[in-house]
Structures are given as structure tokens and as C-alpha cells.
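Chemist: The lines below spell out each chain.
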Amino acid sequence: MFLFLAKRFGASGLIVIGITFITFLLSYFIPADPVRMLAGRSATQETVESIRHQLGLDQPLPVQYLKYLGRLVQGDLGRSYKQKTQVAELIASRMPATLKLLVGAIFFEVLFGIPAGIFAASRRGRKADNLAMIASFVGVSAPQFVVGLLLLWVFAYKMALYPLGGYGGLSHLILPAVTLGITGGGWYSRMMRSSMVDVLQQDYIRTARAKGVRESAVVLVHGLRNAVLPVIAMIGMDIGFFMSWTVVVESVYGWPGIGQLTWQSIQVIDTPVIMGVTLVAALAIVIGNFMADLIMPLIDPRLRVR
Amino acid sequence: MAEQKARPDSRAGPDNAEPLLSLKGLTMGFRTDEGSFIALEDVSYEVPKGQTVGLVGESGCGKSVSVMTAMRLLPSPPAFIRSGQVVFDGRDLLKLVPESMRHIRGNRIGMIFQEPMTSLNPTFSIGFQMREVLRIHRSLKRKEADELCTDMLAKTGIGAPAQRLKQYPHELSGGLRQRIMIAMALLCGPDLLIADEPTTALDVTIQAQILELLKELQQDLQMSILMITHDLGVVAESCRYVYVMYAGCVVESAEAERIFSEPGHPYTRGLINSRPRIAEKREWLKTIPGMVPGPDNRPPGCNYAERCERCTEQCRQEQPQFVQYDHKQAVACWNPYP
Chain A
15 MFLFLAKRFG ASGLIVIGIT FITFLLSYFI PADPVRMLAG RSATQETVES
65 IRHQLGLDQP LPVQYLKYLG RLVQGDLGRS YKQKTQVAEL IASRMPATLK
115 LLVGAIFFEV LFGIPAGIFA ASRRGRKADN LAMIASFVGV SAPQFVVGLL
165 LLWVFAYKMA LYPLGGYGGL SHLILPAVTL GITGGGWYSR MMRSSMVDVL
215 QQDYIRTARA KGVRESAVVL VHGLRNAVLP VIAMIGMDIG FFMSWTVVVE
265 SVYGWPGIGQ LTWQSIQVID TPVIMGVTLV AALAIVIGNF MADLIMPLID
315 PRLRVR
Chain B
60 MAEQKARPDS RAGPDNAEPL LSLKGLTMGF RTDEGSFIAL EDVSYEVPKG
110 QTVGLVGESG CGKSVSVMTA MRLLPSPPAF IRSGQVVFDG RDLLKLVPES
160 MRHIRGNRIG MIFQEPMTSL NPTFSIGFQM REVLRIHRSL KRKEADELCT
210 DMLAKTGIGA PAQRLKQYPH ELSGGLRQRI MIAMALLCGP DLLIADEPTT
260 ALDVTIQAQI LELLKELQQD LQMSILMITH DLGVVAESCR YVYVMYAGCV
310 VESAEAERIF SEPGHPYTRG LINSRPRIAE KREWLKTIPG MVPGPDNRPP
360 GCNYAERCER CTEQCRQEQP QFVQYDHKQA VACWNPYP
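As you go down the protein sequences, you meet chains A and B in turn.
Counting from 1, position 217 in the first sequence corresponds to residue 231 in our numbering; the numbering is continuous, with no gaps.
Counting from 1, position 330 in the second sequence corresponds to residue 389 in our numbering; the numbering is continuous, with no gaps.
Pulled out of the complex, with its shape left as it was, chain A reads as follows (with noise of 0.2 Å):
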């Protein structure tokens, strides 16, 4: 089990490194000239080539990466050309809110996912099934901008039972979540569904009624505990994708999250903090992998070996 965790941490390390190469390219391929953006318009020559020798840009590509990583490992993403504030500040001040949505979106992406996907196999090729495939094709393929614009209008602008966008508490999370789990729910599922019917044809769920296991212990017990691990890896794999994935409905309801910051500095290309944010969101990728990757072994005993 240790060896386990070592080699999965050592490979969670390389990528990590692959991706601080990958976001430094990206800077040197932005094509827009940092030094002429901090510098102004009406700077001289000189003023511009003295800035550039001041952030250290004249210098060759391999040494500028190696101060990168030297200032990244100190924590120092850099500063933001527009704000004029820390960019690991910055990103630290939405993290919160980011993370706030992504608990409260992957909550409701499960609750309607899960169950309705295992509905649907279990009454595979039936009306019921046909219906939850559909609710979750429409959940699937509505834009996240026409649901959210959707439940803010008929929840919280008809119904009042909510604020109307912001940030804040419990209920001002409810209807961003939502949003976000009625369009993500839909691919759990649809992951769900599919992993459920080739498991429920596996010879093991045969044995189970044979043995006069109840049909629904059949499906919840020996199925779920099989069927359950691509959607868990698909979870996982969420955790990383919510630091982007989320910029639609953080405008909608004035969500001041990562997709916000990400955003704002895309339009106005401020290079330090897109790649700050870049940096965090490949982060949390890896980082859900790694959980998934935890969680597995747990549920199904032939991953502990390896």
C-alpha cells in the first residue's frame, strides 16, 4: 500500500513539472508583448528595453524558466500587470467561493446522476429508462447560461425564494449548484447507466440470484459497489475541470470564483495571472486524480495489489 501511494505521488510530482513547462510556454506564445503592455503606448524604446531588462525577459528561454520554477516553488506566481496585486493573492481570494460551488455542484451532479442512472439500468430497454435517458440528454445538452438564466428568473426573481445572484451563504450557492448539477448530472448519468448494464450481465450478479439475493440488493449492493468506479475516476476528474468549466455561471449569478478571474484576465490578456490560473487548474486536476486513485483501491480490492 505504501509503494503504492509513492509511485502514484512520484507520478502526480512529473506531471506537476510537465504542466509549470507547459503554462511557461504559454506565456512566450501569447502573442501580445507583456513589456509594451506595462509600459504603455507613448513609452520610448529605451523605457520599454529598460523594463524588459528589469523583469528579466531579455534574458535567454531555459534561464527564464529556471527563475519561474525558482519563484514558483517560493510560492510567487507573479504580479498582475492590470490589478497590481500578487497573483497567488488574487487567486487565493477566490478560492473559496470557487471551491464552495464545486462541492455544492458535484453534490447535486451526484444526486441527480447517480440515481437516475441506475434507475435506467435496471429497467434498461423500458419507458422509465427511456425517460431518464431522455431528462439527461436535455440535461447534457442545455446551455448552462438558458438553465441558470432559467431557475434565477422562475426561483428567484417569480418565486423569490432566493437572492437574485451574489455571493454568500447557503442560499445564494443553491441555484449555481443546481444549475451546474442539472447540466453535469446528465453525463453522470449517462456514465452510470452505462457502467451499470455491463455489470448487471456480469456472471457475479447471475450468482447473486441465484442465491436469492432481493433485486434491489442485486443492483445497490453488488452492482453499485462495481459499477461505481468509472464515475468516482469521472468525479475526480470534475474536481480539476470546476476551476474552468464554471465561467458561464459565475456571470450568470455574479459568482466571484476562479472562472470570474480567469475570464477577466483573458479579455484584458493579463499573462501572469492566466497563467497562475492555468497553473491551479491543471493542480487540481492532478490533484483530484490522486484522490480518485485513493479512493479506489477501497472499493475494489484488486487495485490494492498494484
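It is worth saying that the hints were derived from the structure and are not from the lab.
Check before you lean on any hint, since a few could be wrong.
[Said to hold, decoys possible] Derived Cβ-Cβ restraints for the label pairs, each shown as a range: (1) B:E93 with A:P244: 29 to 37 Å; (2) B:K108 with A:F121: 53 to 61 Å; (3) B:Y396 with A:E229: 26 to 34 Å; (4) B:E275 with A:I313: 34 to 42 Å; (5) A:K141 with B:G248: 36 to 44 Å; (6) B:D355 with A:E229: 28 to 36 Å; (7) A:P244 with B:E365: 45 to 53 Å; (8) B:K83 with A:A231: 26 to 34 Å.
No residue lacks a Cβ here, since even glycine has one placed at the ideal position from N, Cα and C.
Go by the hints and put chain B onto chain A.
Modeler: Then chain B, alone, in the frame of chain A:
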């Protein structure tokens, strides 16, 4: 077949002993998108109390489907039953409510399957899967259940049974897994064990051990066994009475020694002749030409007509009736071997 000595006791015939399980004229099929087809046609067989009965035939002839139907383990749709009864201990299983059927499965009728490698749930320990049977059918405390499981594992010849309970299927060999399946099927002391090709997926040496084990356990526990197999060696080894199935129909039934000494149906004879024998030096094994007709293109007459060496015009036109020779043998053929 030197070891096939005539057994002194001839109560083996299905009409001589009280049947525990009897299928009576079971006709069923499947509905698919391309239309429905009949898989079993008027299938009848009996398993007397305390005896081993064989069900033989090539793959796809309906052996497994007949027991899966009897145990109501086929999802419906697509499966449907047109007519017939499955009488077990005086009750028609096809008429039971699902809850009563559930109390028969694993309790009064145990089942083991062809695929020991995949028949155990990979995510639960052996102990969980065995205790589950006792939890469903007997209300035992965990400790009592554990003891019973260990005893049963020991009875099936598994070493260190207490440790096995903590292990997972992937840590065990195929032979061990099949023994565990057997132990699990016998935990509640069933009246009938349905063994669906229990040795097909195992090594030859393990096959013999498993058959021997089943024989011992049967005498020990006084149960009936319905042995489904395509291997006539298994029949010779363990069965007293045999039903031969072909393309969804029973074509011959006879005492085991009669099947080998005087097979009546050309198909039965074909099966026996295609067994490898060491005494005769032959380059090639004899085979039956052709293939089993699929359930969707069965001929109007005898299903075996196309492959039969004794086929006549009548065989192609009319379905043969089942003819009882004596209490030891019955054949469905227009032109059987004398």
C-alpha cells in the same frame, strides 16, 4: 467402457421414483427487435429425489436456458413462457410470486455455474458472499454464520478455511473458486443442486476432483443433482439417468448405461462416437457434420434431419413424437437405431 457395469438398482427410471423437480411441456422463447423465436419446445424432464440426472447436448441446445427458465433467472422481456410447468416439491415455480421464488433460490435449490473465474463478485470477500446466503435464508449471528461457512469450506476440501473467508476471489485459483461456489450453494442444505457445466472451465485433474467431491457431498447431504454438461465423460462418471437435448427439444432419455450401450437417437449415437477413445488408434476424431440450427431457422420436421445419417423424407416433413421404449428409455425419432 469397462467401468460401466450395470448397476443392480434399476429404480432410476423417471417413472419409478418420486420426482423432486419436473419440467412439464415447457415451451418458451425470446422476443427481440427482429421478432420472437422459440428457444425451448415442449421440454420435459424429471429429477428424482436423491439422484443425479444428466442433461446433455451441444452448446446452444437449450440446456442452460431450461434451468434458467425454471429458476426464473431470465429477464422478461425478452424471455417469455408460452406453456408448461416447472413443478418443484409439488409447487409450480412459474406461478410463485417473486418473493416466494427468492426463498427457494439459494435455499432449497442451489446453483453452480460454468465460469468459476467470474461467478464470484470481485469486490466482496469470500466471507461476505457466503454469509450473505445465511443472512438471507437463515437468521444467524455473525459468529454462527462464520462457523457454518468454515465447516462447509472444509467439507469441500479447502485448506485453511477460516483464512479463505477474508480473501477475495482474485486471490484464488479457478479450482478453489469452484469449490467455494459449491460450498456457497450448499450452505443452506438444498434439496437440489443445479450444476451448469461445473467442470468445463477447469483443468482435467481438477475436473475429476470436483466430480468426486459432488458425488461425496450428494451422499452426505442426501440431495438431488441436475448435472448439465456437454461432456459424456461427466455423465458416465456421475449420472444415473440422462436426458439428451438437441436444438431446444429433448430427443432421448435413458438410463446412463443404456445411453452408452444402446443409444436410440442418431444424435445420441453421434455424440458418443465423437468422444476420443484411447483404445482405438484413429488419426481423426469422428464428428457430426453441420451445425445446430439456430432457434430462428428450425426446419418443419425433425431438427436433426439435416445432419442425420438415417434421415428420410418423413423426417424432413413431420416432427417425431417421443416414444417410450420401456421405463429405461424413450426416443424422439422416426427412424431410431434398434
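Chemist: Are the hints correct? Go through all of them and say.
Modeler: To see whether the hints hold, each was checked on the structure:
1. The beta-carbon spacing between E93 of chain B and P244 of chain A, approximately 31 Å, falls within the hinted interval of 29 to 37 Å.
2. For K108 of chain B and F121 of chain A, the hinted distance range of 53 to 61 Å is satisfied, since their beta carbons lie about 57 Å from each other.
3. The beta-carbon spacing between Y396 of chain B and E229 of chain A, approximately 48 Å, falls outside the hinted interval of 26 to 34 Å.
4. The supplied range of 34 to 42 Å is met by E275 of chain B and I313 of chain A, whose beta-carbon atoms lie about 38 Å from each other.
5. A hinted range of 36 to 44 Å holds for the C-beta pair K141 of chain A and G248 of chain B, which are about 42 Å apart.
6. Separated by about 30 Å at the C-beta atoms, D355 of chain B and E229 of chain A satisfy the suggested range of 28 to 36 Å.
7. The hinted range of 45 to 53 Å is satisfied by P244 of chain A and E365 of chain B, whose Cβ atoms lie roughly 46 Å apart.
8. With their beta carbons about 32 Å apart, K83 of chain B and A231 of chain A fall inside the hinted range of 26 to 34 Å.
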